[in-house]
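**Student:** Quick one: dock chain against chain with the hints and give me the complex.
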Amino acid sequence: MAVAAQGAISRTSSWWWNHHRKIAPYLFIAPFFILFAIFGLYPIVYSLWLSFFKGYGFDEKTFFGLGNYIHLFEDQRYLMAVGNTTKFALGSIFILSPLALLVALGINSAFVRWKGLYKTGYFFPVITSAVIIVVIFSRVLDKDYGLLNNFLAWFKIAPVGWLTDQNVVMLSFILIAIWTYLGINTLYWLAGLNSINKEWYEAAAVDGAGRWQSFWNITLPLLRPVMLFVVIQAIIGSYNLFAEPLLLTAGGPSDASLTVSLYIYTQGFQFFNVGYASAIAYSMTIFLLILSLANIKLFGLRGVE
Amino acid sequence: MESISRRSLLKAAGGIVAAAGAMTGGSLFLDGCAPAVNTGATKTLNFWAFTDTRIAWQKKAWEMYKKEKNPDFEINWVIFPYQQMHDKILITAQAQSGGPDIADIEISQFARFIKGDIIFADLTPKIQQMGLLDKMYRPSATDPWSWQGKIYGIGNELNTCLLSYRWDLWQKAGVKVPIDSWDQLAEEAKRYHQDTGKYLISFAAQDWGHWFLQTQQQKGGFFNERGEPTMNSAQGIKTLAYQQQAMRDGWATARPIADVAFYSALGEGSIGSLIGASWSFSGGVQENIPDSKGKWHLQPLPYWEPGGSRTGTLGGTGVSVLKTSPNVEEAIDFVLYEHSTSQALLQDFSIRQVWPTYRPAFDDPVLGQALAFFDNQQVGALIKEMSPEMNPWYNSPFWPEATSTCVRLGITPALQQTNISPQDALTAAQEETKRTIAFESA
Chain A
1 MAVAAQGAIS RTSSWWWNHH RKIAPYLFIA PFFILFAIFG LYPIVYSLWL
51 SFFKGYGFDE KTFFGLGNYI HLFEDQRYLM AVGNTTKFAL GSIFILSPLA
101 LLVALGINSA FVRWKGLYKT GYFFPVITSA VIIVVIFSRV LDKDYGLLNN
151 FLAWFKIAPV GWLTDQNVVM LSFILIAIWT YLGINTLYWL AGLNSINKEW
201 YEAAAVDGAG RWQSFWNITL PLLRPVMLFV VIQAIIGSYN LFAEPLLLTA
251 GGPSDASLTV SLYIYTQGFQ FFNVGYASAI AYSMTIFLLI LSLANIKLFG
301 LRGVE
Chain B
306 MESISRRSLL KAAGGIVAAA GAMTGGSLFL DGCAPAVNTG ATKTLNFWAF
356 TDTRIAWQKK AWEMYKKEKN PDFEINWVIF PYQQMHDKIL ITAQAQSGGP
406 DIADIEISQF ARFIKGDIIF ADLTPKIQQM GLLDKMYRPS ATDPWSWQGK
456 IYGIGNELNT CLLSYRWDLW QKAGVKVPID SWDQLAEEAK RYHQDTGKYL
506 ISFAAQDWGH WFLQTQQQKG GFFNERGEPT MNSAQGIKTL AYQQQAMRDG
556 WATARPIADV AFYSALGEGS IGSLIGASWS FSGGVQENIP DSKGKWHLQP
606 LPYWEPGGSR TGTLGGTGVS VLKTSPNVEE AIDFVLYEHS TSQALLQDFS
656 IRQVWPTYRP AFDDPVLGQA LAFFDNQQVG ALIKEMSPEM NPWYNSPFWP
706 EATSTCVRLG ITPALQQTNI SPQDALTAAQ EETKRTIAFE SA
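For the record, the sequence lines run as chains A and B. Counting in our numbering, the first sequence runs from 1 upward without gaps. Counting in our numbering, the second sequence runs from 306 upward without gaps.
Chain B extracted, bound-state conformation (with noise of 0.2 Å):
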């Protein structure tokens, strides 16, 4: 009787792997790579991202898409936590297999898809057959996600930064505003916190944010268009000279590291101001402390120079088309329309308050409206008039290696040890850089 049960259980053990092979149309394992949406009839694209609030304006964009297009194929949503997202795209680009067809591209992260074979479809050919570039804020639209004159990928926030203040508190001081030089700035900080004890403004000790930006904005960064680290150019070593002697005369504080700590301080007013783009100084400050509503108004960032750019632009996140896709083209077709569409870009404002980076999108006034967040500020017309003056930037598949030493060797020491100089600090992350590089890709 018990070998009797044991032979029964062995048969309906191997009759349900048979019926389930039956029922996926013997595909159980032999087709385990692929994505089940994709053994349907319809052809069905993948679509990674890490956020559902990023994806929610693709989706009505493609709503839009499908209405005017009639497409043959339909999009699979597929959200992951960003870090395994990103990771998982790696994985799955060295396998070969089960990755997406489109992916939301953090800029941070792109560096490292471009080592060797790039995974991601070329984005060029078809930008110039549309003739978007020139309809485009390059800076934060493309830039990102270029790499030796190709463009693989596209976004659609334009991170155009300003200086965003506490005009209660500023006013309250008796701070001159607008703020026309980081000279000025440096003047009336020094008076604020004599006369406060509180920072008009912090600079981060431990990221690369704010140092990028001030280099970037007098046309230095990381890179040179031929991909060299230029970190220790005469810009990069201004920019870190000038936050040293802020936290030298103690007029300026290291921003928080974690985001809760810095918003907690910009709302009970023990910082003052922040500079930075869309993503922080709209959507974190509206996320973190709503109810800072109306203490707020934004101008441009202070010059380096007279006659310099007064912006810089700082993060976002881009789409991609893998080049493993077996529908290239129709992803390309599809991204290339939700970021040229004016209808579908609003969408992104109206759910995020994201402003884009196509142009002809401004000529709807609905950008341009005033916000009580800012003290019925016309944000989108300051926005729109500032970033012409972006400057333009590059990348590099070692961005991750540069970014990371110049922090670590370069801005750290720099901020934390002010003897140190900020000139040894830089050539110190620069020559570092160019070892790891050399190891790298020797």
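Isolated chain A, as found in the complex (with noise of 0.2 Å):
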């Protein structure tokens, strides 16, 4: 008997032996795998499955098929939130992406001293609590009570109802944006800025290239790759626009800074109609597929190297 088990642990033992070198590496990232399985995928999954049911709270669902993404399309709410957030985006792109590049360009000129402290404010407010951002911009941005509009009384500029007025509403979102986001954004850009080689610029120099023409033939094009990552990841993340119209604006007024995300909290956790909320937010996601592959077709790296 003893033999026998002995036996047992031997061969156990043996087997391990032979294959542990092959096991072990899967093993030790297995719990990454096991977690996002669980808490990454399977949500994935089940919300687009989720996308094709209709029912709300804890009704049993039905079938709707593609009922949930048609009527996508007639629902304004959804355009109108569509269309604040793509705004929103503009605005990241085309605003706060190249005033970070002239930060970025400032702070590595060689005029620049400090340039550790630059790189620490600008990067502050990345570190701030969404919440708190929106307890200081209340403050700035109210209407008749706030900073800003009383610094703009002083040129007799007459008050704006920064987070009332609703054509006005979502530039207040991109100036916020602008304070919260200007540092990181300016990190990105240093980084590629640093990564060129200066030989580049000593060359154009004994060429006769002047500081407009380096920047353009050299800075920007060798920039192309960081500029790649950061109009992606600011489409990304105008589209996860959430916390600040959340808390500030609620959406409002009447849905002028209703944003996707905050649409499908709405939907999925104020109506609790979660096929629809699974639907929107699968609609986001193809959308913002096909963005990234557009910028990466226009960005096409070719060229850089």
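These aren't lab readings, by the way, just hints derived from the structure by calculation. For each residue, glycine too, the CB sits at the ideal point set by N, CA and C. Since no wrong hints were added, every one of them can be taken at face value.
Using 16 Å as the maximum straight-line C-alpha spacing, the simulated EDC-like pairs for lysine to aspartate or glutamate come out as follows: (1) Lys628(B) / Asp638(B); (2) Lys371(B) / Asp638(B); (3) Lys455(B) / Asp422(B); (4) Lys455(B) / Asp427(B); (5) Lys143(A) / Asp564(B); (6) Lys503(B) / Asp144(A); (7) Lys61(A) / Asp422(B); (8) Lys348(B) / Glu635(B); (9) Lys739(B) / Asp75(A); (10) Lys431(B) / Asp638(B).
From the structure, some residues in chain B lie toward chain A, with a derived Cβ separation under 7 Å: (11) Lys420; (12) Ile562; (13) Val565; (14) Pro705.
**Tutor:** Below, the structure written as structure tokens:
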């Protein structure tokens, strides 16, 4: 009996000894994949499944085919949310990103001292909680009692309804985004600028190129991979805009600051209409995928080498 | 040597996992869904809340309950951020695991928990058995957590709404008090604005609070007793028309959307009053502008018609028991005990200056005492006098849909663009709400 048991242990040990080098690495990385499968993959797949069903609350769901997706095109709130979010994304791409590039060029210039101080200063808002940012900007942007309108009043500018005027409210969120994300975008651009070999500029200078020509013909083309990254993360980040409009305006006035993420939350968690919320989320996934592929095509990396 | 080290590491890792499993009674993986506090010998009920000030009085009530009833369970108090707590209750109810036994439920969040299969235990039989219905101010105590005749939660916050005004500013401007009717308020507000350049009152243009309060004062609201939307009722239109007229004539201003700006305006006197419940005229004001102590007086809301109600109810948080709890009876017993024990409720008055929904608690003279913050006015006596005039009102599973649509298509457009007809705006909101309900529930 003892001999048989010893034999079994021996066989197990021998099997482990022969295979452990192959198996051990998988065991080490397994926790991540197990957690991802449970908390990442499963919800992603399940929400796709849900998007084809109808039913609210805790009731049984009934199959609805593409009904939720078809309803998207009839839903004015959804179309408004897409429009608002797109405005914000355009602001991020065409206002925030170029501004960040300007700041990066400034910090990177030979004339600026204490570069670390500027980098840290610009970066601080990134690590500030969205709730704190909202508290700050609720004091800054109030129409009658806000700091910004008080400041504008010195120049005889009439009070602007930053958070109450339907035509202005998304601009306010772009301003908040500039204050918040200028630092991180500046760091992206700085990383790109620092990776450009200085010899290119020296060679161009020898050939008689000025600063503008160097920027246009060397800096910008070589920043293209960073530009692609900055633009894609700006688009994805923009379509995730959520906490600020939720806390500052609740999507108002009259949905003028309703974003896609906020609408998904409203449908999913306020109305508990999870099938439709999932359909909205997947429509955005497809939309962002197309935009990202278009960007990759647009910024085609050929010629960078 | 290298392979031996790796093997040792694997063995050690396996040993740690096994030891951990053994220490937790083999429950590390299998019992992962159950809250750890439930693994002890004594039954433990999890109580979820979103603010420590609200559970402060409940903890004191729990101590009284333990002394009086010697229960065989304990309560584990857990605080989450407001939105997160309500979301987690939804998620855990959906997952049927890991949720609380008892939870604080804020009034505007209740509706989403009664969609489909209701997740809360019905408190009605026990409330009736205890004879509590006639002892409560129901529009604040049970109406917000009721649906189709059943009560799923109970609140202790008596949100009898009053007009709270800066008497120092009003006296200086010669405003005649008390203001009896909304028409009289309009006249006083016009003169006040003309004389001082400031506003006697403000109305919310981007939330439904003031519209609902003034509409409910006339027995209107978002829904009727069958749960059908009624926002374009005569009462709703009358309220919105009154507020729109105020904006058009310029004698009222839009309430700043951020609380901090609103209370600043009250503090500096550019807005001279507020309408609301004690969490606003007492809690919010004392917290945000404590320097205004002694400058406030309260009076009943102006009436719409002589003999009509001079108050309403707005806001509040109640306590519900989840029917998935393994200890529903124990949980209900405690929740109803704390809401019907005067000494427990007086604790909340001393902590938060919250007047209770339980009528017998008002027998205690402490609730009627003069308050220095309100220039030694006997606020409790006024609240006690006004509370019976609160009208009943009705909730619905589609409360969030109706309220957000009413603001979006009704209130905000009518108050921001005064050429829009209140009737058209509210009818648009009513129709849109019906369409949304039809899509969701078809």
